[in-house]
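**Student:** All chains should be modelled from the sequences, with the hints used to inform the complete structure.
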Amino acid sequence: MIKTLFILILLLVSTALLADEITIKGEAFDKDKKLIFIETQQVRRSPLGEWNEVLIKYTQTDGKLIAELKADFSKDLYVPETVLIDHRFNEKTEVHFDIHKQNIMIKTTNTKTGSINAKSFKYESTMVSALGLHNFIIKHYDTKEASVKLLIPEKTEAFTFNFEKEKGIIEGHSRFAFTVSSWVLRAILREIMMDYKDSDHTLVQYSGLTDIESDEHNSQNLTIKMSYHGATNDK
Numbered sequence: 056m057i058k059t060l061f062i063l064i065l066l067l068v069s070t071a072l073l074a075d076e077i078t079i080k081g082e083a084f085d086k087d088k089k090l091i092f093i094e095t096q097q098v099r100r101s102p103l104g105e106w107n108e109v110l111i112k113y114t115q116t117d118g119k120l121i122a123e124l125k126a127d128f129s130k131d132l133y134v135p136e137t138v139l140i141d142h143r144f145n146e147k148t149e150v151h152f153d154i155h156k157q158n159i160m161i162k163t164t165n166t167k168t169g170s171i172n173a174k175s176f177k178y179e180s181t182m183v184s185a186l187g188l189h190n191f192i193i194k195h196y197d198t199k200e201a202s203v204k205l206l207i208p209e210k211t212e213a214f215t216f217n218f219e220k221e222k223g224i225i226e227g228h229s230r231f232a233f234t235v236s237s238w239v240l241r242a243i244l245r246e247i248m249m250d251y252k253d254s255d256h257t258l259v260q261y262s263g264l265t266d267i268e269s270d271e272h273n274s275q276n277l278t279i280k281m282s283y284h285g286a287t288n289d290k
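The sequence shown begins at 56 in our numbering and counts up one residue at a time.
Check each hint, because a few of them may be wrong.
[What the hints assert, rightly or not] For lysine to aspartate or glutamate, the following EDC-like pairs were computed, each having C-alpha atoms within a straight-line distance of at most 20 Å:
1) LYS252 x ASP75
2) LYS147 x GLU268
3) LYS130 x GLU108
4) LYS147 x GLU212
5) LYS199 x GLU221
6) LYS125 x GLU149
7) LYS119 x GLU268
8) LYS112 x GLU123
9) LYS130 x GLU179
10) LYS86 x GLU268
By construction, these hints were calculated from the structure, which means they are not laboratory data.
**Tutor:** Pasting the structure below:
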């Protein structure tokens with residue numbers, strides 16, 4: 056018993072030592088190539104490249120902080136516990152996964168007025184939140200096609216998306232596309248495209264619906280270009 060416990064502790068310590076922390080800088084551009092905001096991500100990832108914890112600060116081009124996000128993947132690799140605070144609108148949006156009840160709650164609270172907008176979803180094995188897309192791709196890197204139920208916190212909704220792996224526009228890259236299955240919804244939910252380097256499975260560009268809304272409090276589709284800094288253990 057003691058020997059088994061020792062081995063388990065050793066495995067946990069070894070995994071923690073192999074995990075690394077990286078800083079990802081994302082620059083978000085609109086269709087006219089205008090820089091809209093900058094996101095700085097502090098990411099703790101596993102030896103396989105899966106995200107375990109993410110802290111994001113969103114700033115305007117002048118450096119003003121507009122939003123902060125924390126995501127914890129300890130309960131589920133695809134549907135992390137998430138808290139997004141948007142300082143512009145005094146809003147806190149949370150994604151909570153109750154493992155025992157197999158229930159997912161999306162809740163937005165106005166921290167100034169106390170008003171709450173919430174919705175619950177019965178957990179499905181195909182469910183993925185926007186922040187869980189990276190881990191889904193890492194796990195299904197060689198999968199050509201699949202279907203996911205994508206949770207979109209800013210819309211307090213979940214929609215079925217078709218997943219497809221495509222050849223990247225740059226040699227040595229792959230593109231993963233997520234398209235909403237309903238033709239009716241395609242007018243309002245654009246395709247999400249994520250470009251990865253095949254050599255180390257790192258995300259280099261994201262195009263689609265963003266985590267935070269525009270200054271006018273509307274959904275926005277942007278292209279976010281990623282750069283990586285400070286990896287302690289490169290894959």
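**Student:** Against each hint, give a clear statement of whether it holds in the structure.
**Tutor:** Going down the list of hints, with the structure as the test:
1. LYS252 x ASP75: 19 Å, holds
2. LYS147 x GLU268: Distance ~13 Å between LYS147 and GLU268 Cα, so the pair holds.
3. LYS130 x GLU108: 11 Å, holds
4. LYS147 x GLU212: 16 Å, holds
5. LYS199 x GLU221: Judged against 20 Å, a Cα distance of about 8 Å means the pair holds.
6. LYS125 x GLU149: The hint holds at about 10 Å.
7. LYS119 x GLU268: Measuring from Cα to Cα gives roughly 16 Å; hence the hint holds.
8. LYS112 x GLU123: 5 Å, holds
9. LYS130 x GLU179: 14 Å, holds
10. LYS86 x GLU268: 15 Å, holds
Hint compliance for this structure: no hint is broken.
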